[in-house]
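The task is simple: from the sequences and hints, build the whole structure.
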Amino acid sequence: MPVLVRIPTPLRRHTGGAGEVYAKGKDLGELVDDLDRQYPGLRDRLCDETGDFRKFINIYVNQEDVRFLDGRGSQVKDGDEVSIVPAIAGGG
Amino acid sequence: MSLRIPFSETEIRRYSRQMILPEIGGGGQARLRQARVLVVGAGGLGSPAALYLAAAGVGTLGLVDSDRVELSNLQRQILHGTKALDLPKVTSAQERLEELNPDVRVVPHRLRLDGENAASLVRDYDVVVEGSDNLGTKLVVNDACVALGRPLVVAGILRWDGQLLVVRPGESACYRCVYRREAPEGTVPTCEAAGIVGPVAGVVGSLQAVEALRLCLGLPSAAIGRLLLYDGAVAEIRAITVRPDPTCPACGTLPSKERGHE
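Chains E and W supply the protein sequences, listed in that same order. Taken in order, the first sequence gives residues -13 to 78; the numbers are from the working numbering. Taken in order, the second sequence gives residues 5 to 266; the numbers are from the working numbering.
Hints in this document: simulated from the structure, not taken from any laboratory. Yeah, the Cβ is synthetic: ideal placement off N, Cα and C, and Gly gets one too. Do not rely on the hints blindly, as some may be mistaken.
Computed Cβ-Cβ distance ranges for the label pairs, DEER-style [as the list claims (entries may be wrong)]:
hint, chain 1, residue 1, chain 2, residue 2, range
1, E, Gly3, W, Arg17, 26 to 34 Å
2, W, Gly31, E, Pro(-12), 35 to 43 Å
3, W, Glu15, E, Tyr8, 50 to 58 Å
4, W, Ile24, E, Thr36, 56 to 64 Å
5, E, Leu(-10), W, Thr251, 26 to 34 Å
6, W, Gly29, E, Arg(-1), 49 to 57 Å
7, W, Leu258, E, Lys12, 27 to 35 Å
Here you go:
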């Protein structure tokens, strides 16, 4: 069973509106590559030119912020859940 | 202790539906009467939050906002009506809240909260509800709350989505542990640029009121240190546990030179 990836609303236009998609990979870098294969353009929304995750987008593997893991090198395995959570800061 | 001050008959009738709850009762109602809550932003989030807090009998309600009421606000900012167009939002809000509940002391702060004035505002309150319209203000309010040890209920909304975090300084992750720094212009969209569905503001602002009441009542909250994610497009609320970042510039436990000061 591959990894479940939760796609936030602003990125769902890349996934045809899907809020939950599946991807494969040993670590987050591979997972993002697989996501981008399935949904072209998603990598650019998640990563900057250097390949690091963009600031203001938090990524959690099973509730753990990948900043506290190994960033793009964070290991993932079948059955894990990855959440992509951009800052939502409106209020007015 | 002033928990002994009796309630008038009208107070008992007004608050009867919440005083009947065993975890509130007369003692809890007295705590609410003594509580001072600061609501930052009298807009989409601040409207439902302030209305419910005033209705519940929070004794002192401070409101911070520098804007005036505009026609485009009225689709979601339910504190304000058509007659209030062009009035300062804090003035319109004060009138509405005092009409709703004359027991509440409403304190208008007609200014834009920033790093200079945040601490002096926050200091006079027990709990802070953050509903401003930008990440920079949320971070400034967070830092003041962390520095002064004031619990904070911070939220953001956009389109069909909302996020909420309750911060208990010293016990939980703070907002800056989650979102480290102010975003460059245009990186984190505003409601003005990207839109907002009115009742999404209502849901999330009401959640803020629930959490603020629990804090005032001294009740436990499962939202402390958990980022709640409301998705109105699929009718779902999820939570992600966020842990304190030892390198956080606001609340980090490492010596300051090892933290992420910019």
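Violations among the numbered hints:
Failing hints, ascending: 1, 2.
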